[in-house]
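Chains as they are written, first to last, in the numbering used here: chain A, 1 to 648; chain B, 1 to 99.
Be a bit skeptical, because a hint or two may be false.
As the list claims (entries may be wrong) - Here are the simulated lysine-lysine pairs, DSS-like style, with alpha carbons at most 30 Å apart:
| # | chain 1 | residue 1 | chain 2 | residue 2 |
| --- | --- | --- | --- | --- |
| 1 | A | 208 | A | 366 |
| 2 | A | 302 | A | 39 |
| 3 | A | 308 | B | 13 |
| 4 | A | 562 | A | 302 |
| 5 | B | 40 | A | 208 |
| 6 | A | 302 | A | 366 |
Hint data in this document are derived by calculation from the structure and do not stem from the laboratory.
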Amino acid sequence: MKWSEFFVTGEPLIYAADVAIVLTMVGIVFVLTYFKKWKWIWNEWLTTVDHKKIGVMYIICAVLMLFRGGVDALLMRAQLTAPNMNFLDAQHYNEIFTTHGTIMILFMAMPFIIGLMNIVVPLQIGARDVAFPYLNALSFWLFFFGAMLFNISFVIGGSPDAGWTAYFPLAGNEFSPGVGNNYYAVSLQISGIGTLMTGINFLVTILKMRAPGMTLMRMPMFTWTILITCVLIVFAFPVLTVALALMTFDRLFDTQFFTMANGGMSMLWANLFWIWGHPEVYIVILPAFGIFSEIVSTFAQKRLFGYKAMVYSIVGIAFLSFIVWVHHFFTMGAGPEVNSVFSITTMAVAIPTGVKIFNWLFTLRKGKIRFTTAMLWSLAFIPNFVIGGVTGVMLAMAAADYQYHNSYFLIAHFHYVLIAGVVFACFAGLHYWYPKMFGHMLNERLGKWTFWLFMIGFNVCFFPMYFLGLMGMTRRMYTYSDGLGWTPLNVVATVGAVLMGIGFIVLCYNIYYSARYGERDMTGDPWNGRTLEWATASPPVHYNFPVTPIVDDLDAYWVMKKKQGGFQVKEEELKPIHMPSNSGRPFWISVAFFVAGFGLVFKWFALAIAGALFIVLGLILRSFENDDGYHIGVDEIKRTERAARKGA
Amino acid sequence: MGTNGHHESFPWKHLIGFVLSLLLTFAALWVALSSGLPLKAVIVVIVLFAMIQASLQLFMFMHVAESDSGKVQTFNMVYSFFIAVVVVAGSVWVMQFVL
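For reference, chain A alone in the conformation it holds in the complex (with noise of 0.2 Å):
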């Protein structure tokens, strides 16, 4: 092969990239060197297994991974806005809207979402951290370097060009011959097993680690909800884990699954896709649910409306998210029978979505509201996200999808789902749970203004595609011709994008702010919050709880409150504690697989090999492991909680 083929040439943009990416690794480099954080870094971060720490590093990647995959965004708004435009050619808008929806699915909204359970599941439910610690560091580099190696694509080697959903046949050699797609199956394969194992982790973490008292009908919502998506995690991750694996022996060692010819079966690929797919919506939409309920509840100073119906709702919705997925694909031509049943079930998820809104509006009804950013984003997103759903009733009947499949109706409701449900619960919870992440809350003023700007800016980006779609624009198309009427609605849906953008940046200014002049949290409990994350101090000490909290009612803390004045701790009950080693494992083994990952991209397979031998060298020097981890001393707790608390 040579250099350039494998260095992606010929695009101002890349050359621009290329020069952004070295500037930024020599920029990380020299400021780790001049500072001499080179043994913090490694101590405090790289190998670090507590819960809280990797879940702020998963909430940095989501956020980086929402600014790559914003610009993607933005370059695909300003290719749109006027017609026969030739700022993106058709190759590269291809790969634009491939990497959008694959980071943003995979990149950003899941680690986003993992990143907030990581820090708040383990808080809420009294434990001293993650059933497996060890584990979820590596689920976190796994993650990390599956999504390093997609985002290496573009500049080397050139990215996946497919869309997200990557279909066959266009997916095989046969259409997409370069190494493009091969990231796609290798990266997502990668990241894929830690979300495999963040599943399996906090599955085990919720069923065995809650603090004595806690039935299941006393959990707050927001662990019910990660319960929840931990199944589906279980139960939906490894159809994707098959799929992928088929697809790269497929595109690598030309098996024939998905091929036209040969008894392939290239729509079998879809029909495994959404097995995964929709689950993997609901993935990120029912914490999203989680992170509202826990706001509302919160700032409506009430306690949740209909837990019960809360909770069952959440399972029904669980239940019914794997038995909906044809209604991706109805046109594909299933025939009649499969499309009714799948019409119908597609259609039942409003019932017990429905309830959980009105459950929302009755929390809200005689509360006495604080309108902080968080609770905006979370009164937002009931109107937005009804929009949405509403249109999506409109997609599941699957005479009339036949009209609006592949539209820009689509894109309108799809986008109304995930980025009100999703992304608004993402900013609502950053700005919820900021003080307990890092001491000290994000400015209220700078953060009013970002969801102000967001909001707005969503708005006018995606409500006028849901008109292009119905006056006949599709999906995934470059380019279009004057006359045809689209272009004053394309010119406002780049207007909203642009607001969003703003948006964004000013989110990113509020970070840097209040770090330096945000008001500090000594209390740990800036909310006047409910549920036992507030009982900690802000930031948590390493080993959360100094004693594991007693729990004997819903809302343990606000009952904490009122009984005894807050959650009290005698010193003469002080035990030591048993806390899990750090580690560097995680970290090299999740090297080792990004070695093998690119070995296998380029199908280089001495370097796959060497990898491999790497990854199966790490599980052997972790069988063999006798590291029990080891114990805080009284004394050394007593001086921890003494200044941990002087604030309070």
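Once you have looked at the hints, place chain B on chain A.
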């Protein structure tokens, strides 16, 4: 049960499980060898018997529902089974139009 004083003097549960297992095995044998049903029906019936017997043994002999996490275990198995059927049978049904 065991040491908590409610120990049953006679293991009824095991006996019932054992007799039912024997019945199901012989019934399957009879269906396969001398019922005279068409081949497809035979397969359906003996697979059904096998599944009933497997779940019988799980509950009667292997005590899935009796530990602290019994409910979770049972739910887990039933749900796994449901998903497996949905994924496999569902895919076959959905893809019938190209098969």
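Hint check results:
1. A:208 x A:366: violated, 37 Å
2. A:302 x A:39: Not OK: residue 302 (chain A) and residue 39 (chain A) at ~47 Å, beyond 30 Å, violated.
3. A:308 x B:13: violated, 35 Å
4. A:562 x A:302: It holds: about 14 Å lies between the C-alpha atoms, which stays within 30 Å.
5. B:40 x A:208: violated, 45 Å
6. A:302 x A:366: Since the Cα atoms of residue 302 (chain A) and residue 366 (chain A) sit roughly 9 Å apart, the hinted pair holds (cutoff 30 Å).
Hint compliance for this structure: hints 1, 2, 3 and 5 are broken, all remaining hints hold.
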